[in-house]
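Undergrad: If you count the sequence shown from 1, you need to add 8 to reach this note's numbering.
Mixed in with the good hints there might be a few duds.
Taking lysine-lysine and the DSBU-like style, the derived pairs with C-alpha atoms no more than 35 Å apart in a straight line are [to be verified]:
id: 1; residue 1: 90; residue 2: 272
id: 2; residue 1: 90; residue 2: 204
id: 3; residue 1: 272; residue 2: 339
Hint data in this document are derived by calculation from the structure and do not stem from the laboratory.
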Amino acid sequence: MTTDQAPPRAGRREWAGVLALSLATLMITFDMFVLLLALPEITADLRPSTVQQLWIIDVYGFMVGGFLITMGTLGDRIGRRKLLMIGTACFAVASALCAYSTSAEMLIAARALLGVAGATLAPSTLSLIITMFPDPRQMGQAIGVWAGGFTLGAILGPVVGGLMLASFWWGSVFLVGIPVMVLLFVLLPVLVPEFKDASAGRLDLVSALLSVVAMIAFIYGLKEVARHGWDDVVPIVIGLVGIALAVVFVRRQLHQTNPFMDLKLFGNRSFSTMLGGLVLYALIGASSMFFITQFLQSVSGMSPLTAALCLLPGMAVATVAATVTPVVGQKIRPAYLISGGLVCVAVVFAWFSRLEPNSSPAVLIIGFAIMGLGEAPLLTLGTNLVVGSAPPEKAGQSSSMTQVANEAGASLGVAVMGSIGAAVYVAHLNDSAPSGVDTAALGAARENVASALTVAGDLPANVGSQLTEAAKASFTSGMTTFAVICVVVILVAAVLITALLRHVPPTGQEGHHA
């Protein structure tokens with residue numbers, strides 16, 4: 009008679025390796041936040057056009073989203089540690105190019121290179137964790153630490169970035185990443201083992217090109233629709249082209265013996281269900297960040313930095329929750345823990361649905377913190393189920409899919425939820441705008457609440473005050489509508505996750521990734 013051997017447990021070296029790998033995830037969100045802080049100084053120095061400003065912000069996300077699948081698959085073939093080391097070196101070089109850019113065009117190109125390098129970080133680090141921690145309980149805890157790196161970067165970004173900008177020029181915020189990447193480059197060979205799929209065939213360059221172009225086109229289309237609405241047909245066509253190329257990509261994978269992306273992974277219920285859950289997490293998270301920050305700035309009158317600092321308590325809660333949740337997940341079935349967290353988030357949005365223009369910012373600050381607590385099981389346990397459901401040699405692919413879910417969900421959330429909020433805002437403003445506002449001014453005010461406040465400042469005091477109140481009330485109406493939709497969507501998701509994954513036992517028990 010034979011008995012199953014328990015998987016080997018990781019030691020100090022592996023845990024030190026996780027901390028090193030978390031430096032990469034930290035820098036991903038750190039870079040996003042410091043750019044937004046530095047943008048006014050960048051604009052004053054490089055004088056980019058409005059279109060160039062948008063590309064400076066967005067090109068990083070386009071390139072990350074476009075190259076995620078390719079980088080995840082490439083890591084499985086050439087070695088995940090090797091790809092990560094190449095990525096860290098390129099990230100450091102691109103950071104230096106960003107810091108010393110002398111024109112808007114140079115900064116856009118440097119940010120594009122930074123995005124390609126960034127696409128290697130998240131899937132490589134996560135797939136390495138899967139191979140470093142064969143014990144499911146330890147794997148869950150390691151993923152919690154890895155996920156905590158993202159929120160820690162979001163915490164440090166506004167603080168460190170603000171301090172750097174107070175003392176140095178705008179390029180200094182990009183230089184912070186260079187010593188971090190150099191340290192990671194040195195630590196990787198010492199703390200992290202190499203892994204690659206020895207049975208993988210040649211890299212299918214056609215599939216790689218299809219995945220890159222499809223993702224970039226789809227994400228670009230969604231972002232432009234979110235920014236300009238549905239009246240401009242060009243981004244809609246580009247987004248549809250992205251979807252069409254994605255269909256071609258899928259059909260190509262179905263007819264290959266050794267596909268670029270193994271679509272059989274989606275046949276696993278845990279994998280497909282939680283991948284959908286992660287899309288939902290990104291959709292709700294990105295759109296709620298948009299509404300919350302806009303409310304704090306345009307309705308409550310905070311500066312961008314103050315609004316960012318108000319979110320730090322919530323991010324701190326999310327960081328702690330991400331590291332604690334895997335421990336709790338060893339006792340409670342993931343379906344129940346994830347669904348319970350989603351119910352908490354739904355309660356927060358029910359609270360937000362009662363917001364008024366004069367509501368205290370504390371409502372949003374406290375609510376955002378509770379959201380961080382409620383989303384933690386979905387982010388950590390959901391990621392664990394997705395990557396753990398795939399065989400080790402496919403960990404790069406499964407890890408890249410979690411990040412694709414994040415990028416696509418975030419873009420979809422801002423596009424769809426932002427459009428709904430904008431439609432409610434315009435309808436409400438049309439009904440409540442004061443009669444003294446001329447057609448041109450009202451047209452500008454309909455763009456968004458920030459534009460309305462600018463227009464109001466140029467009007468006579470009495471009319472301007474009325475337009476300000478109407479714009480704030482209209483935005484609040486759009487936000488409360490968004491909150492009601494979120495309550496319904498989240499509760500439906502909680503029911504579906506419970507129904508589909510109730511059979512999955514707690515982390516570490518037999519059949520957890522079935």
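Undergrad: If a hint holds in the structure, say so; if it doesn't, say that too.
TA: Each hint, compared with the structure:
1. At roughly 27 Å between alpha-carbon atoms, residue 90 and residue 272 fall within 35 Å of each other, so this suggested pair holds.
2. Restraint check for residue 90 and residue 204: the C-alpha separation of about 9 Å stays at or below 35 Å, so the hint holds.
3. For the hint linking residue 272 to residue 339, the alpha-carbon distance of about 30 Å falls within 35 Å, and the restraint holds.
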